[in-house]
Amino acid sequence: MIHKPDKEQAMTKINSPEDLLRMKEEFAGRLNPVYSPDDLTAPVRIRVAMATCGIASGAREVMDYLTEELEKRSIQATVTRVGCMGYCYAEPTIEVTLPGKEPVVFGEVDIRKADQIIEKFIRLGEPVDGIIPLNYESIDK
Amino acid sequence: MTKHKQIRIALRNCGVIDPQAIGEYIARDGYQALATCLTKMTPEEVIDQIKKSGLRGRGGGGFPTGLKFEITRKSVSDQKYVVCNADEGDPGAFMDRSILEGDPHSVIEAMAICGYCIGADKGLVYIRAEYPLAIERLKIALEQAREMGLLGKNIFNTGFSFDIELRYGAGAFVCGEETALIHSMEGLRGEPTFKPPFPSVSGYLGKPTNVNNVETFANIPVIINKGAGWFSAIGTEKSKGTKVFALAGKINNVGLIEVPMGTTLREVIYEIGGGIRNGKKFKAVQTGGPSGGCLTEKHLDTPIDYDNLIAAGSMMGSGGMIVMDEDNCMVAVAKFYLDFTVDESCGKCAPCRIGNKRLYELLDKITQGKATMEDISNLKNLCTVIRDASLCGLGQTSSNPVLSTLDNFYDEYIGHVVDHKCAAGQCKALMKYVVIDENCVGCTACARNCPVNAISGEKKQVHFIHQDICIKCGACYDRCKFNAIEIQ
Numbered sequence: 003m004i005h006k007p008d009k010e011q012a013m014t015k016i017n018s019p020e021d022l023l024r025m026k027e028e029f030a031g032r033l034n035p036v037y038s039p040d041d042l043t044a045p046v047r048i049r050v051a052m053a054t055c056g057i058a059s060g061a062r063e064v065m066d067y068l069t070e071e072l073e074k075r076s077i078q079a080t081v082t083r084v085g086c087m088g089y090c091y092a093e094p095t096i097e098v099t100l101p102g103k104e105p106v107v108f109g110e111v112d113i114r115k116a117d118q119i120i121e122k123f124i125r126l127g128e129p130v131d132g133i134i135p136l137n138y139e140s141i142d143k
Numbered sequence: 008m009t010k011h012k013q014i015r016i017a018l019r020n021c022g023v024i025d026p027q028a029i030g031e032y033i034a035r036d037g038y039q040a041l042a043t044c045l046t047k048m049t050p051e052e053v054i055d056q057i058k059k060s061g062l063r064g065r066g067g068g069g070f071p072t073g074l075k076f077e078i079t080r081k082s083v084s085d086q087k088y089v090v091c092n093a094d095e096g097d098p099g100a101f102m103d104r105s106i107l108e109g110d111p112h113s114v115i116e117a118m119a120i121c122g123y124c125i126g127a128d129k130g131l132v133y134i135r136a137e138y139p140l141a142i143e144r145l146k147i148a149l150e151q152a153r154e155m156g157l158l159g160k161n162i163f164n165t166g167f168s169f170d171i172e173l174r175y176g177a178g179a180f181v182c183g184e185e186t187a188l189i190h191s192m193e194g195l196r197g198e199p200t201f202k203p204p205f206p207s208v209s210g211y212l213g214k215p216t217n218v219n220n221v222e223t224f225a226n227i228p229v230i231i232n233k234g235a236g237w238f239s240a241i242g243t244e245k246s247k248g249t250k251v252f253a254l255a256g257k258i259n260n261v262g263l264i265e266v267p268m269g270t271t272l273r274e275v276i277y278e279i280g281g282g283i284r285n286g287k288k289f290k291a292v293q294t295g296g297p298s299g300g301c302l303t304e305k306h307l308d309t310p311i312d313y314d315n316l317i318a319a320g321s322m323m324g325s326g327g328m329i330v331m332d333e334d335n336c337m338v339a340v341a342k343f344y345l346d347f348t349v350d351e352s353c354g355k356c357a358p359c360r361i362g363n364k365r366l367y368e369l370l371d372k373i374t375q376g377k378a379t380m381e382d383i384s385n386l387k388n389l390c391t392v393i394r395d396a397s398l399c400g401l402g403q404t405s406s407n408p409v410l411s412t413l414d415n416f417y418d419e420y421i422g423h424v425v426d427h428k429c430a431a432g433q434c435k436a437l438m439k440y441v442v443i444d445e446n447c448v449g450c451t452a453c454a455r456n457c458p459v460n461a462i463s464g465e466k467k468q469v470h471f472i473h474q475d476i477c478i479k480c481g482a483c484y485d486r487c488k489f490n491a492i493e494i495q
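Protein chains in written order, with the working numbering: chain H, 3 to 143; chain W, 8 to 495.
Among the hints, erroneous ones may be present.
[Unchecked claim] DSS-like cross-link-like pairs, simulated, lysine-lysine; straight-line CA separation at most 25 Å:
1) W:K160 / H:K15
2) W:K233 / H:K26
3) W:K364 / W:K377
4) H:K103 / W:K12
5) W:K129 / H:K15
6) H:K26 / W:K160
7) W:K12 / W:K305
8) H:K15 / W:K47
Calculated from the structure, these hints are not laboratory results.
With these hints in hand, go ahead and build the complete structure from the sequences.
Set out below in structure tokens:
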């Protein structure tokens, strides 16, 4: 099952700060759902850095590949396009969040690497080369 | 103490949300700041918050943003404009593009807040046509914001209306200068005019206009949401918050980083940037693009902020940071930037149009090894004249790369002029490829690969490079398996 967030959103007018808050909660639930690691039906969340830099180094092919292959291999996942993650030296980059786990960023992901990530990291939870350690503070509480 | 050197404020959503899905932006407090401003604060209170935050323009000038809002607010007019400067022109700088591609709504929201502050109902984004993906995502974002009623008439039922249009630039560097940018938007030639009047008094179509850079805008929603105090706790005494830098050049981790003001160059280059590529020695880092200067080893521990960079002979600029190693010739670097400036000078004022051309020619002469010491003193004089007499920021700062390399790498200039040597081995006119007789086995590989037949010699005999024919392409050097060719 692949989410297509921008198509799913029914556009409703926001007329007040209360509307906005309601909308925020609704979208937040969809963006960062809480799953337990044991929940086998919980989707894996994948973000693909798709700014000009990423696309130029092949991120679109990687995203298409991931979308198709995850579906073919019957793995529950959402694959979304995001902006630049800042790791220009390692494009294309993707971030994979296994249910109930911390996000992991992989660099220099080509089709071969994407396949490894699906088979080893997502299916078996085994590490794959090319992990970029988190190097910044987020301003989220 | 925080664990990491970086804090992402302007880049908070880049790489996290889908830039084409407004819901993901809303889920991360998007449009919350606009709601707060419109329903709970007066424009004066918002301006006061921004002033207290200490936010300064991220396009390079470093003008206090809150003060700019206030001046534009106080200008009396029937119509005012908010302009977002997305004409990122410094070679090697791409932070504005990344923000627009990764988080376009943060800029839209901040522009609406700015409109509320100054009393404008119209915003314009001046963006270069070379950024097609940023334009596409911005258009989608604008469309979504309109559909949800976050742009348009009567936003949040408060009677406040605001909408944004795009204006495309053709990629002229000078159009990043605000008066030239405004003329370009008006359909006139992209040439600067004398300030004052400042755009905040008389700008687009003669109306008061608040011009701010993409990154400046991207900070504003966070300041409103988290408070001026939270923001001003980050950074140095006079430079608050963070700055996004585009790390490029001879560095391992080329990329986009965001660090608190006051971080040192050493931390940026060695800790975040992963050090110099191939274990080479650090030589200099160029900040501020063609208007900036070079910082050297002695500046490595200087905390980066607006004032320290100016004191060190460079400037913050928009945030391009090009790292150079021992293989970079600093005269050639200065020449590279002058070449850019000569290309990009609009030609309106003579000091910039003619002066920079002459400056380039002098630098070229130095790299050819044909210059004299008199040329060096002329070079200095000319730099000062161009700086003092040019009409706009482009000319006033174009000599900075020359002045700062003269200051920091005077020896290299002298090396070119007096000894006719380029220590970095970059200036082709000053180097020659020579066969080391003891090492040459006469395999003929060099002679066979020389594109201009400049190498002679029999099989199994020592070869010889004819300097008058050699074009210094380096093919022989690359092909020789016996280390028998050296660069002198």
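Status of the hints after comparison with the structure:
1. W:K160 / H:K15: Roughly 12 Å separates the two Cα atoms, so the pair holds.
2. W:K233 / H:K26: Measuring from Cα to Cα gives roughly 17 Å; hence the hint holds.
3. W:K364 / W:K377: 18 Å, holds
4. H:K103 / W:K12: 24 Å, holds
5. W:K129 / H:K15: At roughly 21 Å apart (the allowed maximum being 25 Å), H:K15 and W:K129 satisfy the hint.
6. H:K26 / W:K160: 22 Å, holds
7. W:K12 / W:K305: 21 Å, holds
8. H:K15 / W:K47: With Cα atoms ~20 Å apart, H:K15 and W:K47 stay inside 25 Å; holds.
The structure shown violates none of the earlier numbered hints.
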